[in-house]
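All chains, full assembly: derive it from the sequences and hints.
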Amino acid sequence: MKKILFVALMGLTTIAHAQDGGIFESEFNRYVTYSFSAHYALSMPLGGQRNYINQISPANLVLQGEAMFPGQFSLGFKSGYQYAQQRVPRQVYTVGDQSVSAVQTRTLSIIPAMLTASFYFTPNNAALRPYVQIAGGGAYVDDTRYYGALADGTNGFKGAFAPAIGLKYYGKKEKGLGGEIQAQYQQIGLSNSGFGNSQSLLISAGLTFRGF
Amino acid sequence: MNNVMNSLTQTKRIRFGNMLALMLVAGTALTACKDNAINNLSPQDSQVFITNYDRTANFGQYRTFSLPDSVLVQANNQALTSATATEQQFLTSVANGLIGRGYTRVTGSQKPDLGVAVIRVNDTYTGVTSTPYSSYLSNSWYGGGYGYGSGYGGYSPYYPSYYSFYQVSDNYWNVQIVDLKNKPVGTTAAPADSTQLNVVYDAEIRGEGIFDANSADQTVNAIFSQSPYLKAIQ
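Chains as they are written, first to last, in my numbering: chain Y, 1 to 212; chain V, 1001 to 1234.
Just so you know, the hints here were simulated from the structure itself, not pulled from any lab data.
Since the structure is predicted, the reported quantities are computational estimates derived from the model, not experimental observations.
Cβ atoms here follow ideal geometry from the backbone N, Cα and C, with glycine treated the same way.
Covered, in the sense of this in silico footprint (three residues per stretch, anywhere, with C-beta under 8 Å from a C-beta of chain Y), are these stretches of chain V:
#1 1033-1042
#2 1049-1055
Computed spacing ranges between beta-carbons, pair by pair:
#3 Y:N54 to V:N1076: 37 to 47 Å
#4 Y:G171 to V:S1169: 53 to 63 Å
#5 Y:E25 to V:S1164: 55 to 65 Å
#6 V:S1164 to Y:L128: 47 to 57 Å
One-sided excerpt, in silico: chain Y residues whose CB lies under 7 Å from chain V:
#7 V92
#8 V100
#9 S101
#10 T107
#11 Y146
#12 G148
#13 A149
#14 L150
Here it is, written out as structure tokens:
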């Protein structure tokens, strides 16, 4: 009788352990792991920024690093480089007391530096990982306006936030290298820009890597 | 098993290394964008016309102006006069522009209301920049044994810095108009000749191709067309 009880207890314990993963659980789901991503992005100006540069910018890079906690959350850092440019036909601008007639080349360079928090809808070792993300922090902004070849402008570190949704696809479970797509709304506080805050939508695609 | 794990880890490191290299290359390429922003400007699009004027001046009160037959060439702190064919063409364009606004050209002895100076600015600035060795690189070079605190009494080796020179040229036309009609009355303490005249109008023409003779009319017209207040009859 004692033998039967012991075998039954062992059986129940094994089944329970197997159901929560136990010793067979993926290391991605047992430890804090890391993920890095690099994306090429298209940037679409929104809001007041369209009055300054209204063209889609093809020169953007998104870089992300995340600490993936067991479960479905991650904390990380996001940076990259965004560049937009537009040439405006000759017109007369008022700069201080002066009237300046020039072909203006407007440039906007942004280097974000934001902390991220993400929620993934599937476990860390899954092949397909849709997620939502919120990022907040700042961005170094360089707003240079060339009048002909004469440069004028401002630069500085401004507050920024950027909610995003995305999808990581690794081909199969446990695999390290995969692809990623992301859509990110970004707003940067620019009080003296003349066009209000910088608002843009970044659609990006690139590579992602997860590991220990 | 351990070999397989090591091999997998190595593969992951290589992949991550490749990604890092790719990111650095992409980042470097993108940050070069701003440097190239105005590389494809045509000479005409590079031209900039800057005008300013005295808001208290009533340009309708003036009827005549005088304009020398030569331009003033200003090179840093030196100034001399010059009258090449191109410069004379520029002077003619300025004179025609003012005549077109209703002013009459007179000689300096006929007590003009306005004095016009055409200045060709040829300033050149030379600077020096240096890129010293970093102490980190210096220590690495000699295995870190000859730097600070190495038993040589804090001896730090001297490495010559790399110096490079750069030169910036600033060449442009400057047109200034001074008020001679209301010039300050001289006193014994401050004779009229030593008193500064009031500049009522100032224009700069910058960019490529501005010193070509055939561009004189176009560039001078540009500064007058953005100065509608500059006319004898208001």
